[in-house]
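A.B. asks: Sequence:
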Amino acid sequence: GVTCEDRIRMFRLVNNLLFGVQELVATHGGGSPQAQKMAIYAQSQLKNKAAVAKRLAGIE
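Residue numbering for the sequence shown follows the numbering used here, beginning at 3 and increasing consecutively.
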């Protein structure tokens with residue numbers, strides 16, 4: 003089975019992967035250079051970022 007802690011980590015990971023950039027863009031109004039950088043980073047190397055996020059979340 004999967005522990006409750008691992009389930010919470012998984013949901014937080016999915017939330018950050020899907021909505022993390024939108025929260026930043028909404029904060030910056032979508033026009034600041036930092037928001038543009040985050041949008042570019044979010045669209046690149048998703049598999050590598052997912053692997054790093056899993057490692058940081060302690061899932062793997």
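These are calculated hints, taken from the structure and not from any lab test. What you are looking at is a predicted structure, and each value in this text was computed from that prediction instead of being measured. Be aware that one or more of the hints could be misleading.
Label-pair distances were calculated between CB atoms; the ranges are [to be verified]:
id: 1; residue 1: G3; residue 2: S46; range: 31 to 37 Å
id: 2; residue 1: T5; residue 2: S34; range: 18 to 24 Å
id: 3; residue 1: A41; residue 2: R9; range: 25 to 31 Å
id: 4; residue 1: G60; residue 2: K39; range: 40 to 46 Å
id: 5; residue 1: D8; residue 2: K51; range: 33 to 39 Å
id: 6; residue 1: Q38; residue 2: C6; range: 36 to 42 Å
id: 7; residue 1: Q45; residue 2: G3; range: 33 to 39 Å
id: 8; residue 1: Q47; residue 2: Q24; range: 26 to 32 Å
id: 9; residue 1: Q45; residue 2: M12; range: 28 to 34 Å
id: 10; residue 1: E7; residue 2: A52; range: 18 to 24 Å
id: 11; residue 1: S34; residue 2: I10; range: 27 to 33 Å
id: 12; residue 1: E7; residue 2: Q38; range: 31 to 37 Å
id: 13; residue 1: K49; residue 2: N17; range: 16 to 22 Å
We put the beta carbon where it would ideally sit given N, CA and C, even for glycine.
A.B. asks: Could you run down the list of hints and mark each one as holding or not?
C.D. replies: Each hint, compared with the structure:
At about 35 Å, the CB distance of G3 to S46 agrees with the hint of 31 to 37 Å. Roughly 40 Å separates the CB atoms of T5 and S34, a value that falls outside the hinted 18 to 24 Å. Separated by about 29 Å at the C-beta atoms, A41 and R9 satisfy the suggested range of 25 to 31 Å. Distance hint for G60 and K39: a CB-CB separation of about 27 Å, inconsistent with the stated range 40 to 46 Å.
Between D8 and K51 the Cβ separation comes to about 19 Å, which falls outside the hinted range of 33 to 39 Å. Here the CB-CB span from Q38 to C6 is close to 38 Å, well matched to the stated 36 to 42 Å. Our hint of 33 to 39 Å for Q45 and G3 holds, since their Cβ atoms are close to 35 Å apart. The hinted range of 26 to 32 Å is not satisfied by Q47 and Q24, whose Cβ atoms lie roughly 19 Å apart.
The hinted window of 28 to 34 Å between Q45 and M12 is violated, with their beta carbons roughly 23 Å apart. One distance hint, 18 to 24 Å for the beta-carbon pair E7 and A52, holds here, with the actual separation near 19 Å. A hinted range of 27 to 33 Å for the beta carbons of S34 and I10 is consistent with their spacing of about 32 Å. Roughly 36 Å separates the CB atoms of E7 and Q38, a value that falls within the hinted 31 to 37 Å.
In this structure the hint that K49 and N17 lie 16 to 22 Å apart at CB holds, the actual value being about 18 Å.
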